[in-house]
Amino acid sequence: MEYILEMKNISKIYGNGIAANRDVNFNLKKGEIHALVGENGAGKSTLMKILFGMEPPSQGEIILKGEPVRFSSSKDAIAHGIGMVHQHFMLVESFTAAQNIILGMEPKKGAFVNEAEAVRFIKDLSKKYNLEVDAEAVTRTLPVGVKQKIEILKALARGAEILILDEPTAVLAPQETDILFEELIHLKEQGHTIVFISHKIPEIKKISDRITVMRSSRTVGCYETKDVSEKEISNLIMGCEMDTSIEKSSPKPGDIKIRVSGVSYTDKNKVKVLKDVSFGVRSGMIFGIAGVQGNGQVELVDLMTKRRSLREGDILLGGKSVKDMSVRDIRKMQFGYIPEDRIEQGMAAHESIGENIISNRYDTKEFCKNGLLDYKEIKKFAEENIREYEIRCSGSDQNVGMLSGGNMQKVVVGRECSHEPEILIAEQPTRGVDIGAAYIIHKKIMELRDEGCAVLLVSADLNEALKLSDVLAVMYDGEIVAYFDNTEGLNEEKLGLYMLGLDRHDKETVRRAENE
Amino acid sequence: MSRERSFTIIRTAVSMAVAVLVAFLIIVLVSDQPLESIKIFLLRPFSTKRYIGNIVETAVPLIFSGLAMAIMFKANLFNLGAEGIYFIAGITGSMVAIWPKLPPVVFPFLCILVGAATGMAVMVIPGVLKAKYGASELVTSLMMNNILLGVGLYILNNVMRDPDVASLVSYKYRTNSLLANIVPGTRIHVGFIIAIVFAVLVYIFLFKSKWGYEIRMVGDNGTFASYSGINVAKVILTVHLAAGAIAGMGGIIECIGMHKRFEWSALPGYGFDGAMIAMLAGNNPIGVIGAAFFVSWLRVGADLVNRSSDIPTEMISILQSIIILLISAERFLHKYKQSWIEKEVK
Chain A
1 MEYILEMKNI SKIYGNGIAA NRDVNFNLKK GEIHALVGEN GAGKSTLMKI LFGMEPPSQG
61 EIILKGEPVR FSSSKDAIAH GIGMVHQHFM LVESFTAAQN IILGMEPKKG AFVNEAEAVR
121 FIKDLSKKYN LEVDAEAVTR TLPVGVKQKI EILKALARGA EILILDEPTA VLAPQETDIL
181 FEELIHLKEQ GHTIVFISHK IPEIKKISDR ITVMRSSRTV GCYETKDVSE KEISNLIMGC
241 EMDTSIEKSS PKPGDIKIRV SGVSYTDKNK VKVLKDVSFG VRSGMIFGIA GVQGNGQVEL
301 VDLMTKRRSL REGDILLGGK SVKDMSVRDI RKMQFGYIPE DRIEQGMAAH ESIGENIISN
361 RYDTKEFCKN GLLDYKEIKK FAEENIREYE IRCSGSDQNV GMLSGGNMQK VVVGRECSHE
421 PEILIAEQPT RGVDIGAAYI IHKKIMELRD EGCAVLLVSA DLNEALKLSD VLAVMYDGEI
481 VAYFDNTEGL NEEKLGLYML GLDRHDKETV RRAENE
Chain B
1 MSRERSFTII RTAVSMAVAV LVAFLIIVLV SDQPLESIKI FLLRPFSTKR YIGNIVETAV
61 PLIFSGLAMA IMFKANLFNL GAEGIYFIAG ITGSMVAIWP KLPPVVFPFL CILVGAATGM
121 AVMVIPGVLK AKYGASELVT SLMMNNILLG VGLYILNNVM RDPDVASLVS YKYRTNSLLA
181 NIVPGTRIHV GFIIAIVFAV LVYIFLFKSK WGYEIRMVGD NGTFASYSGI NVAKVILTVH
241 LAAGAIAGMG GIIECIGMHK RFEWSALPGY GFDGAMIAML AGNNPIGVIG AAFFVSWLRV
301 GADLVNRSSD IPTEMISILQ SIIILLISAE RFLHKYKQSW IEKEVK
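Chains A and B are the protein sequences, given in the same order.
Counting from 1, one number per residue, gives the positions in the first sequence under my numbering.
Counting from 1, one number per residue, gives the positions in the second sequence under my numbering.
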């Protein structure tokens with residue numbers, strides 16, 4: 001028996017008619033780290049959902065240890081020794097680490113949960129796998145890296161031999177990634193098989209034994225990692241060679257467009273998530289904010305866009321306080337905002353591309369005459385955007401919800417950028433977006449900056465933050481802890497120190513972020 | 001047209017067919033001469049001018065309530081207040097029809113205006129509660145229905161009741177206030193034309209105007225709408241007012257179109273019918289006309305079998321429940337949809 005798991009000729013067609021997998025073949029050897037790579041929308045997640053019993057395949061078979069199997073639910077898959085750590089953690093935030101791990105398999109004492117036994121069990125488990133966590137700490141208070149460990153322990157506690165990790169490094173700082181890799185190698189040595197989904201090529205090269213590449217719903221092939229170079233992997237993923245470097249001219253900063261002064265915010269759990277944050281963004285510059293997720297970035301942007309109400313400090317957009325403006329007033333200025341969660345906030349999934357792409361100015365003279373919408377104009381405008389951003393769709397009438405993630409994002413970016421905004425807030429603009437789409441989006445942001453737009457870029461992707469930003473601030477635990485006038489000589493390792501709170505700039509340097 | 005959309009249409013058609021088949025089943029079980037009864041049920045509504053007239057006149061209030069519900073549903077609001085509004089707008093409109101003296105044309109116009117205004121006034125309550133405080137419009141509107149019935153009956157009993165008649169009815173409407181008949185030999189009245197005109201207007205409002213655009217965006221994703229700068233609270237209120245006005249019109253038009261006095265002593269049921277019709281029509285105002293005709297055909301058919309044989313008219317409520325059940329059940333025929341879509345992709 002060569003393979004512990006084989007997936008043969010798997011096809012999956014979703015209810016909306018999208019074929020996410022076509023004749024996909026995938027196999028795992030016992031005790032290997034196997035990287036599954038491909039652009040977003042290439043079908044990796046679908047394939048893993050099928051393996052984990054979350055979706056039934058339309059066709060094809062799964063052979064586990066020589067036996068054909070069919071999972072009707074994740075519970076089935078877990079019973080067969082398959083575990084999955086999702087990109088978005090599935091943890092009860094108010095529970096302790098131990099409670100989260102034993103959820104559904106609690107050791108009992110009479111009718112009650114035996115908490116002491118649970119804690120002992122977790123301690124043994126973390127010692128065995130070298131995954132140290134504080135079993136009694138409340139999950140909400142733990143950093144992302146530890147939450148991820150809890151997720152891995154959760155799977156191991158249920159007897160997982162095959163462990164699927166869906167983009168585990170997307171949320172980690174470089175140093176945390178190194179720790180994760182050590183842990184994974186330790187697990188491998190103990191005989192566990194690991195599927196590692198990622199699109200960061202250097203990481204794949206570093207950690208994996210074999211690589212399966214997927215492109216547009218099909219498998220391109222399976223390779224020994226040592227036989228392929230980073231460049232070759234990239235070409236296999238893209239299907240062609242592509243130059244994604246962005247040309248960056250020197251910035252010409254103008255007037256202050258965004259002014260954040262002394263902003264603090266306490267959330268509903270009484271946690272102070274923002275502590276006296278001040279900075280300024282001038283026109284013609286890209287102000288990057290880097291940081292591990294959950295260090296106050298979301299709250300900061302929410303305050304700037306009026307999703308949350310500002311109590312301490314002030315935020316001026318184009319010289320006017322957001323306190324005195326409604327969302328509509330902000331929208332009436334030349335303002336663009338690419339939200340972090342495109343599905344929740346950025347689109348109406350059941351409406352057409354055309355209707356989605358005008359939502360920020362449906363009532364301007366351009367599209368609205370005497371209260372009636374001019375659908376000819378809307379169609380024309382939508383088609384221009386489809387061309388410019390290379391949105392892959394069947395036409396401007398197609399519902400946005402039917403598009404792949406990257407194409408949805410292009411619709412959002414098209415809407416927020418095509419009216420020549422003077423202020424642009426871009427929140428994780430290319431998260432979960434394929435390389436090609438990311439390139440188009442980056443190019444557009446750079447173009448706006450050259451035309452004099454003030455851009456605030458919030459990104460957990462350091463590569464992106466370094467590539468685009470003219471000046472860069474690092475947020476940690478609700479504060480700006482570091483500020484760089486330029487990004488020359490900066491690298492991910494250096495930033496990582498600040499992102500994890502291991503180092504910080506003095507007050508004087510941080511104050512320069514105000515760009516007075 | 002995408003397969004997804006065609007599928008919705010097919011599913012609706014299947015639901016309607018199933019409802020009719022269930023009607024057959026009931027007839028076969030209950031009737032002594034089933035074949036004859038089925039024939040009456042299906043075909044007799046089309047046999048004479050008067051019966052066709054019955055279909056049309058029954059459809060009128062159904063169109064109005066269907067339109068009111070379609071607007072609500074498009075904004076993803078589930079407000080069943082049309083029920084109470086039919087009743088109370090009937091009362092206020094009837095008060096106008098009973099007392100003042102006005103020339104024809106102007107008179108019914110004023111009655112309808114008062115009915116519509118009543119509907120809007122009533123809807124302000126669930127509308128504001130929802131928009132400002134997030135109160136469930138389903139709960140508040142159902143409560144409102146009971147309140148409105150009570151208030152309406154009080155007015156009917158103490159202000160409008162005609163003491164010369166044994167049953168609980170109002171004084172006679174003035175002749176000038178009645179809606180004119182448009183097809184001699186039937187009871188089809190001007191209200192039918194108003195209903196069709198409003199179906200078209202609501203269609204334009206929902207799918208062509210900027211207000212309709214706001215409503216649809218709020219209905220699809222409220223977070224997205226407010227992110228885009230749409231004032232969601234205002235949209236919720238607009239939707240309530242528009243739906244209230246249309247339901248109010250429906251109520252008074254039914255009164256001065258079909259009756260000589262105010263005759264309802266309980267909630268007439270049109271509000272709930274509207275929910276079913278809007279669902280059947282997929283919330284498309286033009287589709288509402290067709291759906292209303294389908295339901296009114298079933299009703300007239302059921303009424304005729306009831307009169308000529310041994311089938312109870314209550315059968316119709318069973319059919320309506322089945323239609324609602326099948327259409328609102330997202331997973332109905334889901335398997336076929338899946339394999340059908342898979343075939344298209346291959």
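Please keep in mind that the hints were generated in silico from the structure rather than gathered at the bench.
As the structure is a computational prediction, the values presented were derived from the model and not from experiment.
Incorrect hints may appear among the rest.
Stated by the list, open to error - Subject to a maximum C-alpha distance of 20 Å in a straight line, what follows is the list of computed SDA-like cross-link-like pairs (lysine to any residue): (1) A/Lys443 to A/Thr487; (2) A/Lys380 to B/Phe207; (3) B/Lys234 to A/Tyr3; (4) B/Lys210 to A/Glu351.
Original post:
Is lysine 380 of chain A within 20 Å of phenylalanine 207 of chain B, Cα to Cα?
Top reply: With a Cα-Cα distance of about 18 Å, the restraint between lysine 380 of chain A and phenylalanine 207 of chain B holds, given a limit of 20 Å.
Original post:
Under the criterion that the straight-line Cα-Cα distance not exceed 20 Å, is the pair lysine 443 of chain A, threonine 487 of chain A satisfied?
Top reply: holds (18 Å)
Original post:
Taking only the CA atoms, is the gap from lysine 234 of chain B to tyrosine 3 of chain A under or equal to 20 Å?
Top reply: Violated: lysine 234 of chain B and tyrosine 3 of chain A sit about 61 Å apart, past 20 Å.
**OP:** Decide if the proposed pair is consistent with the structure: lysine 210 of chain B and glutamate 351 of chain A, CA atoms, cutoff 20 Å inclusive.
**Re:** holds (15 Å)
Hint 3 from the list above is the single one not met by this structure.
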